[in-house]
Each structure stands twice: as structure tokens, then as C-alpha cells.
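Student: Residues per chain, in single letters:
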Amino acid sequence: MVAKDYKPCVPLSAIATSSTHGEDSPYFAGWRAYDDDPYDAINNPSGVIQMGLAENQVSFDLFEKYLEEHQEVSNLVNGVASFRENALFQDYHGLNSFRKAMTSFMEEIRGGKVKFDSNRVVLTAGATAANELLTFIIANPGDALLVPTPYYPGFDRDLRWRTGVNIIPVNCYSSNNFQITKQALEDAYAKAEKANIPVKGLLITNPSNPLGTAITRPVLKEIFNFISTKNIHLISDEIYSGSVFSSEEFTSVAEMVQERGYYDAQRVHIVYSLSKDLGLPGFRVGAIYSYNDAVVTTARRMSSFTLVSSQTQKMLSPMLSDVNFTKNYIKTNRDRLKRRYEYVVERMRECGIECLHGNAGLFCWMNLKPLLEEATMEGELKLWEMILKDLKLDISPGSSCHCTEPGWFRVCFAKMNIKTLDVALARLTSFMEKRKKT
Amino acid sequence: MGYQSMRGNNSQLLSRIAAGDGHGENSSYFDGWKAYDSNPFNPSSNLDGVIQMGLAENLLCLDMIKDWIKKHQEASICTEQGLTDFEAVANFQDYHGLPAFRQALAKFMGKARGGKVKFDPDRIVMSGGGTGAQETLAFCLANPGDAFLVPTPYYPAFDRDFCWRTGARLLPINCYSSDNFKLTKAELELAYENAQRDNITVKGVLMTNPSNPLGTTMDRDTFKTLLSFVNQKRIHLICDEIFSGSVFNQSEFLSVSELLEEEPSYDRSLFHIAYSLSKDMGLPGFRVGVIYSYNDAVVRCARRMSSFGLVSSQTQHLLSHMLSDDDFTSEYLAENKRRLNKRHGEFTSGLEKLGIKCLPSTAGLFVWMDLRQFLKESTENGELELWHVIINDVKLNVSPGSSFRCTEPGWFRVCFANMDDATMHIALRRIGDFADKLKEDTAQMQNKKRFNKKLRLSFCRLNDGAIAQHLMSPHLLSPRSPLVKASN
Numbered sequence: 000m001v002a003k004d005y006k007p008c009v010p011l012s013a014i015a016t017s018s019t020h021g022e023d024s025p026y027f028a029g030w031r032a033y034d035d036d037p038y039d040a041i042n043n044p045s046g047v048i049q050m051g052l053a054e055n056q057v058s059f060d061l062f063e064k065y066l067e068e069h070q071e072v073s074n075l076v077n078g079v080a081s082f083r084e085n086a087l088f089q090d091y092h093g094l095n096s097f098r099k100a101m102t103s104f105m106e107e108i109r110g111g112k113v114k115f116d117s118n119r120v121v122l123t124a125g126a127t128a129a130n131e132l133l134t135f136i137i138a139n140p141g142d143a144l145l146v147p148t149p150y151y152p153g154f155d156r157d158l159r160w161r162t163g164v165n166i167i168p169v170n171c172y173s174s175n176n177f178q179i180t181k182q183a184l185e186d187a188y189a190k191a192e193k194a195n196i197p198v199k200g201l202l203i204t205n206p207s208n209p210l211g212t213a214i215t216r217p218v219l220k221e222i223f224n225f226i227s228t229k230n231i232h233l234i235s236d237e238i239y240s241g242s243v244f245s246s247e248e249f250t251s252v253a254e255m256v257q258e259r260g261y262y263d264a265q266r267v268h269i270v271y272s273l274s275k276d277l278g279l280p281g282f283r284v285g286a287i288y289s290y291n292d293a294v295v296t297t298a299r300r301m302s303s304f305t306l307v308s309s310q311t312q313k314m315l316s317p318m319l320s321d322v323n324f325t326k327n328y329i330k331t332n333r334d335r336l337k338r339r340y341e342y343v344v345e346r347m348r349e350c351g352i353e354c355l356h357g358n359a360g361l362f363c364w365m366n367l368k369p370l371l372e373e374a375t376m377e378g379e380l381k382l383w384e385m386i387l388k389d390l391k392l393d394i395s396p397g398s399s400c401h402c403t404e405p406g407w408f409r410v411c412f413a414k415m416n417i418k419t420l421d422v423a424l425a426r427l428t429s430f431m432e433k434r435k436k437t
Numbered sequence: 000m001g002y003q004s005m006r007g008n009n010s011q012l013l014s015r016i017a018a019g020d021g022h023g024e025n026s027s028y029f030d031g032w033k034a035y036d037s038n039p040f041n042p043s044s045n046l047d048g049v050i051q052m053g054l055a056e057n058l059l060c061l062d063m064i065k066d067w068i069k070k071h072q073e074a075s076i077c078t079e080q081g082l083t084d085f086e087a088v089a090n091f092q093d094y095h096g097l098p099a100f101r102q103a104l105a106k107f108m109g110k111a112r113g114g115k116v117k118f119d120p121d122r123i124v125m126s127g128g129g130t131g132a133q134e135t136l137a138f139c140l141a142n143p144g145d146a147f148l149v150p151t152p153y154y155p156a157f158d159r160d161f162c163w164r165t166g167a168r169l170l171p172i173n174c175y176s177s178d179n180f181k182l183t184k185a186e187l188e189l190a191y192e193n194a195q196r197d198n199i200t201v202k203g204v205l206m207t208n209p210s211n212p213l214g215t216t217m218d219r220d221t222f223k224t225l226l227s228f229v230n231q232k233r234i235h236l237i238c239d240e241i242f243s244g245s246v247f248n249q250s251e252f253l254s255v256s257e258l259l260e261e262e263p264s265y266d267r268s269l270f271h272i273a274y275s276l277s278k279d280m281g282l283p284g285f286r287v288g289v290i291y292s293y294n295d296a297v298v299r300c301a302r303r304m305s306s307f308g309l310v311s312s313q314t315q316h317l318l319s320h321m322l323s324d325d326d327f328t329s330e331y332l333a334e335n336k337r338r339l340n341k342r343h344g345e346f347t348s349g350l351e352k353l354g355i356k357c358l359p360s361t362a363g364l365f366v367w368m369d370l371r372q373f374l375k376e377s378t379e380n381g382e383l384e385l386w387h388v389i390i391n392d393v394k395l396n397v398s399p400g401s402s403f404r405c406t407e408p409g410w411f412r413v414c415f416a417n418m419d420d421a422t423m424h425i426a427l428r429r430i431g432d433f434a435d436k437l438k439e440d441t442a443q444m445q446n447k448k449r450f451n452k453k454l455r456l457s458f459c460r461l462n463d464g465a466i467a468q469h470l471m472s473p474h475l476l477s478p479r480s481p482l483v484k485a486s487n
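Chains as they are written, first to last, in numbering that gives the first Met the number 0: chain A, 0 to 437; chain Y, 0 to 487.
Just so you know, not all the hints are guaranteed correct.
Residues from chain Y that face chain A, not an exhaustive set, calculated with beta carbons under 8 Å [said to hold, decoys possible]: (1) Ser14; (2) Leu82; (3) Asp84; (4) Phe85; (5) Pro283.
Okay, the calculated bits of chain Y under chain A, using three or more residues with CB under 8 Å as the criterion [unchecked claim]: (6) 59–67; (7) 90–100; (8) 125–133; (9) 136–144; (10) 284–294; (11) 308–317.
None of these hints come from the bench; they were simulated from the model. Quick caveat, the model's predicted, so the values are computed rather than measured. We treat Cβ as the ideally placed atom computed from N, Cα and C, and that holds for glycine.
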């Protein structure tokens, strides 16, 4: 692809030549290993099993059943007017019906404990865009967002790459099950102050990726007090809110805002997406919900760069507005995830591996500290490489999630069928048994 | 409802990007949309409403697309025939895009250029519409403060797309009616030298070919001059070819891709094409943007950035079937040209009968109308005065040349492809009545001073904290087709 008499290229931008895109992380190296040698039950039984991608396929059949039963959803046979309108619709407010459907769905997920105003929903092409967009809005280049560790590796790119904003970690430790503490928040803030970096917000993921735990109410209270005192924004990425095993165990920041009588609500913003709870990452449906009018207006304008396909909005809005469907889906999805989680954790326990006690998400946070040759990041990466090369399991090392302690790994279990999961667990079990003998 | 303020006002607590007006919505370009939105023409229920001629959309061939979709149920994942693909498609979020989609796009782009060029599917990168494509290229090629030169007049939203979040700048290369607004070497060099004198680093040139708003295509000599210039200065060239499938006469259009094939001595790493299906196929809602770069590093970087604006896999799936259908795409492109040509011909000859000339054009969804004869004074204010009359009295939303940074007042972009024949004739009749009045009665000039107070040139109120009651910012600020119903 490169001309033979190649001249040195005119330099690209600093953003283009930086490595803040984050793809050099082992997180992505594992994906590449999977791509090069993907497991297939029939054609490649010794291939790499993908457990490094948090996707949800446990409840797909519910969609297919819905679409089979609701052929009228197919917007393509609804007559000329409908197709043409849909094809032309590029209004950044989004289809009214779709915005309302998203609002209704987000309320269902929170068990009706919260009321959302559909006029505050801004649609984006995925949560990736939503997080970047909010960062552009609340922070200038050189400012910082505080993010509790361990966190989703993609944040390094989404929050920093094109925005020029820094991430200052809020360090969390296994001694208290990686919960966010007031001290950790204060320490992170102080670190930023010392370095003369203005802190503009705190970004939490609730339930947490990679921990698979929902943030408790007392911790949320601390968080709210902290952001109030420091006069900063709070972004709550609630992308896994529909994947909490039991709805009583999840408290959305929206509930806190309501309970506090909307005091200080203007600093609170929620990110959501259909990629995880509904297992539809390909459709690129993300949303920002903000209690701040200026943020809503600006986010809506910026969403011009990243709108949701009108075809997709049209297809999904009847489904998401159908309360019977969504109630059943949410409940079934939660039950299936919970059973899958318990199954995985139990099988791991049987072979001597402990996981953090989780109550949400598409993954578990596995403790392999006893297996480390040395309790360092290098030791962890060595173990990770061995698991990838010898066990052919792509799991994500805690260091790629900026975990403070080496030895933790995120293991995704919802993207595969039960047979593949059993193969993966069998490889792990066999490895652990061999280890016991030596 | 508004919520209690954070301490400090919003402009301190939001970023400079958020608090500034780089969103561009204060332009007169959008004021006209507002007038349309508050009083939209409807042939059954609002014959006196404003006709939208300020939105470059192509509705002329949507029936063909709809028919194809009806015949090919397997291409839609929510039909009985297509449901088997649902799971795989819904899960597909690879930023390389569906291979079949990229291949189909490459084929389609080649066809739109009369088969004179072959495109490599591996160089095709998705983006959130043409809007996303421009921004991504700016992020890849320019640092904050760097500039791209752009021939005037140019599409108003480039200021937002290229500059808002990137911090890059656009500097004009002035073009004049005496040259039919063609790009000249002298002006190109002048723009470059001016930037250098002001210590601004020029990283490239951004052009649209066929041109928006002119509807003209770049001729071979001018193009070669431009290519030699960028090659010699070692700067980039971004060609926005979003209207490449909307050229009435195929032989008229020369894509940068053809010139690069002809001339191997150009450094290909400097050349990048932005494309989209929003205009040629009339599918702006589907958000299909494309970056095609001859620079491997830009392809890699843009592909990574496409994570921020991928095309819905449902849409990729549908379009990969449709655009792989050779018979359909050949028929579509030919018929699209024919219908656009017909509409353009009818509209321009209609205007000519009224004594109104347009810049001769061979492409696009609009004409560049010359209303200099009607200006009370040959200034930007004179133009805006005339424009107010056109909106308020003639009830047509047309776009004033000043919003495209045209060097000379009195030119207006008028879109003709987003309406049916009947509406076009109504528009022509209104223009005719207006032209007659102006010619017959100079006292009518006094009416031009009757500003509609509600129509303002800037949206100050959207810039400050008093936004609560405007939480649902006016629909007009986001493109809203006249054929889309208010409730949906």
C-alpha cells in the first residue's frame, strides 16, 4: 500500500501520533490473539476462547421472539411516507418515540423508583461517544477527571485521547472489596491540586466494570458530598444498570438526586447504552441524561458528530416502549446473568480460585494472586501471557484496568453459550489441578 | 424544569468548547431554518407557510430505494426472512465495519465516478455521517491552532465540523464571480502567504467537489494547479466528494482519485476523500459517513477514532446488500442523475423566465442564485435585508451567501431537490411575484426594512444560563426535512 519511492510523510497531528488510543494495552492484545485463533466448537476446538469482551448474549432469544411476533416493527413495509421520513430524519433530538422509549426503559430498569424527563435524553452512537462528549463539555485540555480504579480500559481513550483531559485515579483496594472511600477521593483530589491540575469531575461506573459490583448507598452519599464540596461534576456510567442480578441492590444516582430534592442536580449526568443490557453493541445506541440544561443543549449539538441511525431508532422504539416486553426482558436477563455468574464462581471455587463477591455485570473479578510468581505487574503480565498462550483463554489483566494490586483478572462469561463456557472452565480446572500436583 | 445552579455560572463550570459559540448555530444559515420550523409550508394544510429551500436534501429517488427494500426482505434484520441474521448483526461492533459493507461502498464510489477509478475497501473508514468524517480528518491532520485553507463560498457547517472541538481553523481562499467563483492560483497563494505572515501553520486545503453551494465541478486545469500546490508545499488535501453521485453529466466530474491515478508523481499520503450517503442516496438519517485516505497512518488513526461514530450494524447490513446489487446501483445512479438534471433544468429555466440568473452548474441539489440586482445596497447588510424579505414576505427559506462567507453580497443558495414538482412551481410563482413587485414599485423597497422582530441574526439566548425554557432547543438547529412530520 505504500509507494515504492516513499517520501517521509507530512506529520499528522499530535493526537494522531500519540498512543492515547490505548490499543497497545494487553487488554487489546488479547483480542488480537483471539482474532488470530478464534475458538470454534467444531472447526477449531483448541482455539482461543474470548473472555475479554464484555458482551451479553444470554437473552438474545427474547428479541428474536419479539420480532417474530411483531412483524409490524419492520419499518420497511409500512408504506412510502414512513420509510422516506425515517431515511430523512437526522434531527439531533432523535425520534420522539425513541427518546420516550429509552426513557421508559431506563425507568423500568430502576424499578420505577425514578422518573426521567425524555427531554433530557441526548442520543449518541454508543456510550463511547457519550463519555467523550461529556468530557469535552465539562473539561478543558489539561484538566482532569477523577476515576476510581480499577476501571474500564477504554476510558483511557474515551476520556483523554481527543479531549486532552487527564485521568487521575481514585485508588481502591481489595482490603475493603475495592469500594470507593472518602479518603481515596480526597487523596486523588489533593494529588491533582499539588500538580496544579484542575479537577472538573468524578466519573464512576455503577455497577462497576470490571468489579461486577453495584456501588452501595452509603458510598454514593459520600460521593455526592464530595462532589458538592469540591464543586465538580459527577458522571455516572450506568451502562450495566440492567445487568444487576437483583434490582434492590442497585441505587442509581438518579435516585440520590431525587431523594436530595434535586439539590445540586445540575452537576449530575448519567451515561447509558443498549450495548450491554440488551446485547446490541452493533446498533450503536448510547444516551446521555443530564440535569444540567446547558449540558443537554451542548451535548445535543455535539451529538451531530455521532447520531444514532434513524433506521435503528425506528426499529427499537416499539420494542422498548412495550412495557410487557421490557419488564419480562429485564427480569429474565437478570436471572440468567445471576445463574451464569453463580455457576462460574462455583466452578472456580471448586478448583481453588476465589472471585470478588459480585452482584452485577457480565463478568467476574477473579483473584489469581496465589498464582503469581512475583506480586508485581510484571508477574501479573507473565501469568496473563501464560493463560493466553497455554490455556488459550483471553481474560483481562487487572493492570490494564489500572488496578492497584497485581493478580486480579476480569473474566467475561456472558458472550458464549454454556458449552463453550464449560470448555473454558475445564481448561482452567485442569490447569489448577496440574498445578496442585507440582 | 430547571435545576438549582451549581456555584459559579455555567460558563465557568463548562469547558471553553461548551461555553463558546463554535457550534455555529448563530449563523444566519440556521435562522432561516427557524422561520421554516415555526411556519412550515404544507400543500394541504398550510399553503401560506415557508417553503424550505435551505436544506440540501435529495428526495427525488427515495421511491427506488424503498422498492428495493420491499423486494429484498432478507436485507432487513427485523423481517421474517432477515431475522436469522439478527444476532450476528446486533453483535457486530468491529470498527473495521462489515467487510461486505466496505466492499459495497468501494464499488458504489467507483461507479459514481463512471467506473474510471477503483477504490480499495481496506481504505474505507466509517464515520458519523459527513459531519463526523470532517471532524475526524481534522483531528488526524491538524493540531489546535493549525489551519486548513478553504475556497469560498463554502458549506457553513464546516466551521463547526472542522474547528469546534478540534481547535483547528479554516482560512478562506477568496473566489469571485468574475471567475465564476473558480479557484485561482493567485488567491490560493495569497491565502497561504497571509497565513504564513500571521504565523499560522497551514496543514492543508479543504475543498468540496462538486461544490456546495455553487453546484459546479472543478475543472482539470484548476485541479492540477491545486494538486501541484499542495504537493509542493507538502500539505494535505481533503476533498469532500459528498455530491459525487449527484452530477447531472458524468463527463463533467473529475474526482481527485482519478487525477491521482493519472499522475503517480503526486505524494499520495497527502490526499483524503470525505464521502457520505446522505446526499447521493438521500439517506441522511442513516448516518453513513466515509473517510477514504491514501495515507496508511490516517486510515489507521481514523479507524480508531471511528469508535466515536460507527455506523449502526443494522444499517451496514441493509446497505451492504443494496450497494452490492450491481443492477440496482447502476439504475439508481443513472436515474438519480436524470431526475436531478430534469429538476435543475425546470427550476433554472423557470427562474430565467423571471429574469433571475443562476451560476451555471452541473451538479448538486441546489443552485447559486444571483439576486444582486435586487440589493438596495451592495453590502452584507443589504443582502441580509433582502433575505429577511424573502423569508418573511416571499416565504421561502433560502440561504444567504454571507453565511457561506461569499466575498460578494447578493448570492443565495436555493435547494430544489427536497420537494415535489407542485411545490417547486409554487416556489417559482412566489419568486416571480416578488421579482415583479420589486421591479415595478420601488416603494416596495420600504417594506424590506420591516424586520420580523422574532427573526434574529444571532441566538444570544442559547449562550447564557437562561436556557431552562428552551431545553428542547429549536428543532430547526438540526436539519429537519420538510417531508418529516412533526410528531414521529
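Student: Against each hint, give a clear statement of whether it holds in the structure.
Tutor: Each hint tested on the structure:
{"no.": "1", "hint": "Ser14", "in the structure": "5 Å, holds"}
{"no.": "2", "hint": "Leu82", "in the structure": "6 Å, holds"}
{"no.": "3", "hint": "Asp84", "in the structure": "11 Å, violated"}
{"no.": "4", "hint": "Phe85", "in the structure": "6 Å, holds"}
{"no.": "5", "hint": "Pro283", "in the structure": "4 Å, holds"}
{"no.": "6", "hint": "59–67", "in the structure": "holds (count 4)"}
{"no.": "7", "hint": "90–100", "in the structure": "holds (count 3)"}
{"no.": "8", "hint": "125–133", "in the structure": "holds (count 4)"}
{"no.": "9", "hint": "136–144", "in the structure": "holds (count 6)"}
{"no.": "10", "hint": "284–294", "in the structure": "holds (count 4)"}
{"no.": "11", "hint": "308–317", "in the structure": "holds (count 8)"}
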